[in-house]
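Here the protein sequences line up with chains A and B, keeping their order.
Note that my numbering numbers the first sequence so that position 65 is 65, with each residue one more than the last.
Note that my numbering numbers the second sequence so that position 372 is 372, with each residue one more than the last.
A portion of the hints provided could be inaccurate.
With the Cβ distance kept under 10 Å, some of the chain B side facing chain A (calculated, not the full set) [stated by the list, open to error]:
1) Phe48
2) His223
3) Ala226
4) Ala412
5) Ile439
6) Gly441
Rather than coming from a laboratory, the hints here were simulated on the basis of the structure.
Owing to the predicted nature of the structure, the values given are computational and were not obtained by experimental measurement.
By construction, the Cβ of each residue, glycine as well, lies at the ideal position given by its N, Cα and C atoms.
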Amino acid sequence: MTHPHAPPEPSPQDGAFLRSFFVTLGVLLAATAALVLLTDPLGTFGTGITPPVVSADRDQKAALYRARVPAPELVVLGSSRSKSIAPACLQQLTGQPAFNFAVNGASAEDLVAILRFLRQAPGGRVNTVFVGVDPEMMQGGGGVYRALQASRVLGPFAPGGAARSRMTLGADLLGWQAVSAAFRSVARRVGVRESLPEFSLESDGLQRYPRAEAALRLGSFPQQARVVGSISGILGRYESFTALQPDRVGYLRRFAEEAKAAGVSLVAFIPPVHPAFVRAASGTAWRARTEETVQLLRSLERDGLLRYVEIRSLLAASADTSQFVDAIHFLAPVAATVAQALTGSPGRCALQ
Amino acid sequence: MLFNSYVFCFLFLPAALLGWWQLPGRRWRLGFLTLASYVFYGWWDWRFVPLMLASTTADFIAGWYIHRTAAVARRRACLVLLLGFNLGILGIFKYYDFFVGSLDGLGGALGLSVDLPLLHLVLPVGISFYTFNSISYTIDIYRGRLQPARSLLEFSTFVAMFPHLVAGPIVRYADMAPQFERPSVRPDRPAWVLGCWFFVLGMARKVLLADLLAAHFVTPLWHQAAHLDAGEAWLAVLAYTLQIYFDFSGYSDMAVGLALLLGFRFPQNFDAPYQSANISEFWRRWHMSLSFWMRDYLYVPLGGNQGSRLRTMGNLALVMFLGGLWHGAAWTFVVWGLYHGALLAAHAACRERGWVPRGRPLAVVCTLLSVMVGWVFFRATSLAEAVRLLGVMGGMRQGEGGNLALVASPLAWAVLLLAGIIAAFLPDTWRLAVPRRPIWGAILALLFLCCTFRFATPSPFLYFQF
Chain A
1 MTHPHAPPEP
11 SPQDGAFLRS
21 FFVTLGVLLA
31 ATAALVLLTD
41 PLGTFGTGIT
51 PPVVSADRDQ
61 KAALYRARVP
71 APELVVLGSS
81 RSKSIAPACL
91 QQLTGQPAFN
101 FAVNGASAED
111 LVAILRFLRQ
121 APGGRVNTVF
131 VGVDPEMMQG
141 GGGVYRALQA
151 SRVLGPFAPG
161 GAARSRMTLG
171 ADLLGWQAVS
181 AAFRSVARRV
191 GVRESLPEFS
201 LESDGLQRYP
211 RAEAALRLGS
221 FPQQARVVGS
231 ISGILGRYES
241 FTALQPDRVG
251 YLRRFAEEAK
261 AAGVSLVAFI
271 PPVHPAFVRA
281 ASGTAWRART
291 EETVQLLRSL
301 ERDGLLRYVE
311 IRSLLAASAD
321 TSQFVDAIHF
331 LAPVAATVAQ
341 ALTGSPGRCA
351 LQ
Chain B
1 MLFNSYVFCF
11 LFLPAALLGW
21 WQLPGRRWRL
31 GFLTLASYVF
41 YGWWDWRFVP
51 LMLASTTADF
61 IAGWYIHRTA
71 AVARRRACLV
81 LLLGFNLGIL
91 GIFKYYDFFV
101 GSLDGLGGAL
111 GLSVDLPLLH
121 LVLPVGISFY
131 TFNSISYTID
141 IYRGRLQPAR
151 SLLEFSTFVA
161 MFPHLVAGPI
171 VRYADMAPQF
181 ERPSVRPDRP
191 AWVLGCWFFV
201 LGMARKVLLA
211 DLLAAHFVTP
221 LWHQAAHLDA
231 GEAWLAVLAY
241 TLQIYFDFSG
251 YSDMAVGLAL
261 LLGFRFPQNF
271 DAPYQSANIS
281 EFWRRWHMSL
291 SFWMRDYLYV
301 PLGGNQGSRL
311 RTMGNLALVM
321 FLGGLWHGAA
331 WTFVVWGLYH
341 GALLAAHAAC
351 RERGWVPRGR
361 PLAVVCTLLS
371 VMVGWVFFRA
381 TSLAEAVRLL
391 GVMGGMRQGE
401 GGNLALVASP
411 LAWAVLLLAG
421 IIAAFLPDTW
431 RLAVPRRPIW
441 GAILALLFLC
451 CTFRFATPSP
461 FLYFQF
């Protein structure tokens with residue numbers, strides 16, 4: 001005994017309704033996609049005419065690296081979670097000239113491409129790489145990450161040649177992250193400016209957070225709200241992340257193999273996150289994927305390809321936890337603790 | 001492939017609609033629709049396509065055999081064989097590990113060793129739905145109420161049709177056969193207006209309400225289930241109550257909308273169930289196609305309410321137990337089913353004595369609270385977690401609390417409030433009159449655009465797992 005819907009009575013306005021629906025939808029979709037393409041706020045397509053809301057850092061860092069004198073011997077790789085690790089601090093602890101080549105939204109293939117770039121760069125003499133491995137580096141469908149493909153300098157070094165992931169085109173053009181960033185990018189262009197930029201990049205590749213750092217000095221940074229407010233969004237990214245993507249796991253292994261073949265000493269770690277996030281994420285896919293990533297790194301360590309340093313619980317009893325811009329991005333004091341743990345140095349870096 | 005994905009909305013659906021409306025001849029069109037539906041299904045995991053094909057072919061052959069065979073014993077034997085085949089497939093994929101695990105646990109408690117291997121099979125999406133579609137077809141033929149499908153193609157289209165394939169509504173061949181016999185040859189404007197209306201509103205229910213509730217309340221709070229205080233526990237359950245409703249009713253509305261765009265009509269699956277004044281009414285308004293299926297193919301054959309009161313209550317308990325098990329192979333679902341069976345039996349007994357709340361608002365609140373208690377079992381990862389949470393909700397246990405700060409944001413509270421108002425006070429999509437002025441077409445398009453922004457975060461429907 002089902003309830004079939006009664007056929008609707010025809011109305012003279014039906015045609016106009018449908019035209020209105022489809023024309024409006026087409027115009028809105030085209031306008032949104034065009035806005036994202038023209039602003040390219042996340043540095044995905046290489047087509048932007050307005051300032052990106054994240055630094056389109058692959059090419060920028062490549063240029064900074066090439067200009068660095070003396071040529072770096074120690075390089076930090078990873079995602080935005082590793083961008084605050086200060087090369088100057090590492091240099092102080094190890095005596096080696098250092099550079100931070102961590103990039104936004106790094107994928108496993110980014111690591112391969114950056115390593116190949118470092119090896120072929122004129123005067124390149126990198127012998128140590130600290131790589132902050134983030135499970136999200138091994139998320140998503142097959143194909144090379146679009147931001148890497150869009151990088152004029154690093155793109156040619158991407159594994160898999162010109163293969164480009166078409167499955168993310170919709171998300172890149174119409175996803176909320178891209179659309180909201182496009183509006184922020186336009187707002188900056190038309191003059192809605194902050195007194196201090198949110199991000200800045202130093203000549204050694206270190207990313208700073210001028211606005212947050214200034215607010216912290218003044219005691220006006222809404223630390224708790226920023227950490228708490230970011231948790232559900234980060235966990236949400238993992239909702240559909242049910243397993244590490246095999247191709248990207250393969251890229252990570254290839255990166256480690258190529259590093260070994262080039263005589264580069266590889267030290268891998270998982271960047272620490274805010275303790276409040278650790279608690280909120282217990283039992284979630286984030287926790288599961290992180291554990292799988294640790295297992296993967298330990299298996300690469302057993303194969304003699306890298307050395308894994310466990311620093312996830314570094315902050316469990318630390319006062320540094322107030323130094324986060326959100327749940328997963330730490331600032332200089334935490335970065336100094338991380339640098340000390342990675343280098344195994346008994347002293348603490350004095351730089352902030 | 002998810003309805004709420006770029007590939008479905010911008011590639012698959014336009015191609016499917018174009019092919020369906022442009023191809024000449026009924027057989028070509030049905031063939032195309034079936035092929036498209038198999039692509040839709042295989043997109044998730046192509047390895048299960050042969051399974052659905054085998055099940056469809058077996059049901060089709062058995063249907064004709066039962067129809068043509070006069071001997072009652074042979075007809076019955078064929079029906080039993082086919083039910084065994086369909087339920088066997090379902091059992092292996094869905095229930096084998098559950099029963100083996102339970103047996104192992106029981107054996108361990110009794111000091112016996114039960115050493116059966118677990119299979120760890122992936123559950124084919126939609127298997128519970130298409131199995132029930134097929135079972136009703138064969139039983140209806142056995143009962144002499146239905147002529148078998150004229151061709152395997154027609155029957156395959158019925159089973160595989162992508163709008164209802166993976167999460168219903170559970171459709172019956174008797175409703176669909178006339179539509180397959182004479183499918184519309186050109187798009188019907190009123191049906192398309194209604195189809196767009198259903199599809200977009202269903203999408204908005206799913207991605208703008210259910211998914212936001214999940215991200216901001218359900219996921220973070222339920223992950224902290226062991227640490228919630230009473231207020232947080234009630235909030236977690238309320239958020240899940242709304243999430244599951246908007247998730248599943250959103251999917252059903254989308255399925256109905258897609259069917260209308262193809263010129264078909266599906267049965268209603270929801271009717272503002274949280275506005276029900278008693279549990280019996282709730283089950284007539286929640287997942288209606290399953291409720292009516294269980295009534296027609298389980299409850300009535302068991303004797304329904306025609307026997308003694310004790311027998312009626314037993315029938316209710318058995319049907320709801322099976323209904324719970326249908327949802328998932330876990331003791332939490334079994335207890336959820338039995339709990340609803342007990343509620344239905346208690347309601348029947350109270351109604352006989354006139355023990356019902358005075359005034360509809362109070363009755364609605366009582367019904368909603370009892371449904372929410374049931375959702376605790378449905379959502380909990382174990383019986384222990386459910387019991388613990390119910391203890392906290394009932395004030396019998398203390399929780400640590402302090403978790404609200406992890407989830408709260410003004411947007412989240414606004415979504416919760418909006419979802420609550422819609423669920424508690426507004427009519428279901430089926431009862432809304434479609435505003436046909438062109439400006440509403442533009443507003444609907446804007447709403448759909450907002451939905452597309454969230455496609456970047458893949459979010460399967462809750463009922464896919466069943």
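Against the structure, the hints come out as follows:
no.: 1; hint: Phe48; in the structure: violated, 17 Å
no.: 2; hint: His223; in the structure: holds, 5 Å
no.: 3; hint: Ala226; in the structure: holds, 9 Å
no.: 4; hint: Ala412; in the structure: holds, 8 Å
no.: 5; hint: Ile439; in the structure: holds, 7 Å
no.: 6; hint: Gly441; in the structure: holds, 3 Å
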